[in-house]
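Student: Heads up: the protein sequence lines correspond to chains A and B, in order. Counted from 1, the first sequence has number 981 at position 101 by our numbering; the numbering is strictly sequential. Counted from 1, the second sequence has number 89 at position 82 by our numbering; the numbering is strictly sequential.
For the record, the hints were derived by calculation from the structure and aren't laboratory data. Be a bit skeptical, because a hint or two may be false.
[Stated by the list, open to error] Sample of chain A residues lacking proximity to chain B, with all beta carbon distances greater than 12 Å (derived): (1) 950; (2) 996; (3) 1005; (4) 1007; (5) 1031.
[To be verified] Straight-line distance between alpha carbons at most 25 Å, and here's what the computed SDA-like set of lysine to any residue pairs gives: (6) B:13 to A:995; (7) B:14 to A:974; (8) B:9 to A:924; (9) B:13 to A:915; (10) A:909 to B:28; (11) B:9 to A:941; (12) A:909 to B:14; (13) A:909 to A:897; (14) B:9 to A:929; (15) B:9 to A:897; (16) B:14 to A:916; (17) B:13 to A:931; (18) B:13 to A:933; (19) B:14 to A:979; (20) B:14 to A:921; (21) B:14 to A:897.
Ideal placement from N, C-alpha and C gives every residue a C-beta, glycine not left out.
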Amino acid sequence: MENLSLFFNFGLPLIILMVAYFIGSTIEKKHFANIREREDALHGFPVVSFDTMPDDWNVSSSDMVTGSIVISLDYFKRVIAGLRGLIGGRIKTYEPLLERARREALLRMTESARTQGYDAIFNVRLETSRLANASRDGKGTAGVEMLAFGTAVKLKGRFG
Amino acid sequence: MKFIAKKPREGINVSDEHPLVEAGTLVVGLTAIFIVIALLLVFIVEIALYFVPAETEAELFWDWIPEDLVTVSPNDERLYRTQLLVDRLVDHWADAPYDFRVEIDDSSVANAMALPGGLIIVTQGLLDQVESENELAFVLGHELGHFRNRDHLRALGRGVVMGLFFAVITGNDVAGLGIKATDITVRGFGRKQESKADEFGLAIVHSEYGHVNQASRLFERWNETNQSTSAFVAYLSTHPQPGDRVADLRAIAERDGWQIDGEISQLNWDRN
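Start from the sequences, fold in the hints, and give me the full structure.
Tutor: See the structure below:
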């Protein structure tokens, strides 16, 4: 009986934490590798944050392009961030998560522009929103959405 | 202006510290901080105890009974006999500040408690398991020892301050492991109080009967039926393990030269 309660009090949370860590970090590593690969493939496609188009761009058509991703925390990240919340400081477990979200959203936006035959994107903006988790009265976080959007343009002549 | 394509730079927004290092530092560090705060709270309770004398406590709580207590009928013979036994035992405690009252809790788990104002609660389960008056006398003497050392108030005070402290930090459901570690650390002090209460209980039993035969018989029986608990589990529980307890009691009796065999008094009620 007592061994059992010991297991439920200390063993089980630790096991869940470790399993969550190994699964979460494997997924994260794979995602980063995938992001780098796709960034390499899109290398050279201009994506800029200027809010006006550079003068020398001679444009034939334009449209808005978006890319968004909804990404969730794993249990390990949540627990460590919760502990961090008691004393403050950088939530280091969340940083790679949001980094992944930003780069993935930009990639999706750029890939969408490229498949539609556009040559460049300007006025690129990023927006984040938190998805509330209904289970804890809306106080919990189910995940974050990262939205990238910008104006994609087709150019009459390629850049020199 | 010429457009030069660049790849995103790595490592600006992401810390290169390993997540497990961060996790370890946080868990260990916070647990240490929790323990320090808990010990401070325990110390504050000790100060409060110093400023509330037993007489004041007895006056404040003289007719207090926990609201959720389910007692047996006031005409129960065992209640009457147990109260008589307590009164006899208290005669050996020269200036007891309390007017001790006994209540029988309607629970099948064997236990006894000391509560503020001299209230001693024994459970039905305990009364079912004791086989002689000497066994019961030692359990009651042990509770009297808690009153003498004021452990009952200490436990109450600690319960309140720890409850408040834990309520503050559990706002975000993750500090669980640290809280449990703190809880266990504080409980470690509890075991010292238990042995002190045991010592007092044994002394009272000796004064009453002239010997300490069968005082620890209840624990010997429990020990025989429950051998398998590990040392680590023993560390976690509030009461000393029955086996350790029997050995400690024997050591006390030997040290003080108390007779360990003598006539057993039977319980004067119908066992059913």
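Student: Are the hints correct? Go through all of them and say.
Tutor: Here's how the hints hold up against the structure:
1. Its beta-carbon lying about 19 Å from the closest one in chain B, residue 950 of chain A satisfies the requirement of being farther than 12 Å from that chain.
2. Listed as a non-interface residue, residue 996 of chain A keeps its Cβ farther than 12 Å from every Cβ of chain B; the least gap is roughly 20 Å.
3. A cut-off of 12 Å between C-beta atoms confirms that residue 1005 of chain A is not in contact with chain B; the least separation is 17 Å.
4. The Cβ of residue 1007 of chain A lies farther than 12 Å from every Cβ of chain B, with a closest approach of about 17 Å, so its non-interface assignment holds.
5. Non-interface call for residue 1031 of chain A relative to chain B: holds, since the shortest CB-CB distance, roughly 16 Å, exceeds 12 Å.
6. In summary, the hint linking residue 13 of chain B to residue 995 of chain A is supported, as the alpha carbons are separated by about 21 Å, within the 25 Å threshold.
7. A hinted pair counts as satisfied when its Cα atoms are at most 25 Å apart, and residue 14 of chain B with residue 974 of chain A qualifies at roughly 23 Å.
8. For the given pair, residue 9 of chain B sits about 12 Å from residue 924 of chain A by alpha-carbon distance, which is consistent with the 25 Å threshold.
9. Distance check on the hinted pair: residue 13 of chain B and residue 915 of chain A sit about 15 Å apart at the alpha-carbon level, within 25 Å; holds.
10. Simply put, residue 909 of chain A and residue 28 of chain B have alpha-carbon atoms about 17 Å apart, close enough for the 25 Å limit, and the pair holds.
11. The straight-line distance between the Cα atoms of residue 9 of chain B and residue 941 of chain A is roughly 22 Å, inside the 25 Å bound, and the hint therefore holds.
12. Our distance criterion of 25 Å between C-alpha atoms is met by residue 909 of chain A and residue 14 of chain B, whose separation comes to about 19 Å.
13. Restraint check for residue 909 of chain A and residue 897 of chain A: the C-alpha separation of about 18 Å stays at or below 25 Å, so the hint holds.
14. Restraint check: the Cα-Cα separation between residue 9 of chain B and residue 929 of chain A comes to about 15 Å, which is no more than 25 Å; the hinted pair holds.
15. For the hint pairing residue 9 of chain B with residue 897 of chain A, the CA-to-CA distance comes to about 50 Å; that exceeds 25 Å, so the pair is violated.
16. With a C-alpha separation of about 9 Å, the suggested pair residue 14 of chain B and residue 916 of chain A falls inside the 25 Å cut-off, and the hint holds.
17. Taken as a hint, the residue 13 of chain B and residue 931 of chain A pair is honoured in the structure, with Cα atoms around 20 Å apart against an allowance of 25 Å.
18. Restraint check for residue 13 of chain B and residue 933 of chain A: satisfied, since their Cα atoms lie roughly 19 Å apart, inside the 25 Å limit.
19. Restraint check for residue 14 of chain B and residue 979 of chain A: satisfied, since their Cα atoms lie roughly 15 Å apart, inside the 25 Å limit.
20. As the CA atoms of residue 14 of chain B and residue 921 of chain A are separated by approximately 11 Å, the hinted pair is consistent with the 25 Å bound.
21. Between residue 14 of chain B and residue 897 of chain A the CA atoms are separated by roughly 35 Å; this puts the pair beyond 25 Å, and the hint is violated.
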